[in-house]
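Given these sequences and hints, build the entire structure.
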Amino acid sequence: MGYTLIQKDFYRESGKWLSSFEIWKKCINPNLHFVYVLRKAQKYHNKPVLGIFWKLVLRHYQIKYGYQIYPETEIGEGFYLGHWGSLVINPKVKIGKNCNIAQGVTIGQQNRGKLQGIPTIGDEVWIGANAVIVGGITVGSNVLIAPNSYVNFDVPANSVVMGNPGTIYPNERATEAYINHKV
1 MGYTLIQKDF
11 YRESGKWLSS
21 FEIWKKCINP
31 NLHFVYVLRK
41 AQKYHNKPVL
51 GIFWKLVLRH
61 YQIKYGYQIY
71 PETEIGEGFY
81 LGHWGSLVIN
91 PKVKIGKNCN
101 IAQGVTIGQQ
111 NRGKLQGIPT
121 IGDEVWIGAN
131 AVIVGGITVG
141 SNVLIAPNSY
151 VNFDVPANSV
161 VMGNPGTIYP
171 NERATEAYIN
181 HKV
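Taking the working numbering, the leading residue of the sequence shown gets 1, the next gets one more, and so forth.
Just to be clear, a hint being listed does not mean it is correct.
Straight-line distance between alpha carbons at most 30 Å, and here's what the computed BS3-like set of lysine-lysine pairs gives [said to hold, decoys possible]:
(1) LYS47 x LYS97
(2) LYS94 x LYS64
(3) LYS40 x LYS64
(4) LYS114 x LYS94
(5) LYS182 x LYS25
(6) LYS47 x LYS26
(7) LYS26 x LYS43
For each label pair, taking beta carbons as the anchor points, the in silico distance ranges come out as [unchecked claim]:
(8) TRP17 x LYS43: 16 to 22 Å
(9) LEU115 x ALA177: 27 to 33 Å
(10) ILE23 x HIS60: 17 to 23 Å
For the record, the hints were derived by calculation from the structure and aren't laboratory data.
Each residue gets a CB set at the ideal place from its N, CA and C atoms; glycine is no exception.
If you want it as structure tokens, here you go:
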């Protein structure tokens, strides 16, 4: 059976493949509810009527829940928002699959300097609370960005980043036990 993108996102939360009805029941949780609406807005982004409808619904929940994530943002399957709370992600950011993002995170554009641009985030990246990731940088796969870290530099795969300014620590098992129920 081929699972939908929404089923893959919700699988990350429980490790169970859910029916449409079971997904609706889980939408009482604000972060899962927002992911559901975001994925619908992404799916219908280029459709005239449904696109406008889901964009309006998404805007309502952006304001209600404090998430600034847009339909234009490229986000891989298995996306997981760990907690309800303010989040800012530039619409041009690219995020790989099986990524976890906690509350208070900013992933944004840097407008000047040698690293101006938008971040690209690899697969299986865990981003802790209040981390800031900015600039035309690349974060490799299997990377853990610790809470309150400031990242404005490329991060190689298989690393842990901690601190402000961030320091890179190589670690082959960086996200082990942090990213569960991968799809």
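Against the structure, the hints:
no.	hint	result
1	LYS47 x LYS97	holds, 25 Å
2	LYS94 x LYS64	holds, 24 Å
3	LYS40 x LYS64	holds, 17 Å
4	LYS114 x LYS94	holds, 20 Å
5	LYS182 x LYS25	holds, 22 Å
6	LYS47 x LYS26	holds, 27 Å
7	LYS26 x LYS43	holds, 20 Å
8	TRP17 x LYS43: 16 to 22 Å	holds, 19 Å
9	LEU115 x ALA177: 27 to 33 Å	holds, 31 Å
10	ILE23 x HIS60: 17 to 23 Å	holds, 19 Å
Of the numbered hints given earlier, the model fails none.
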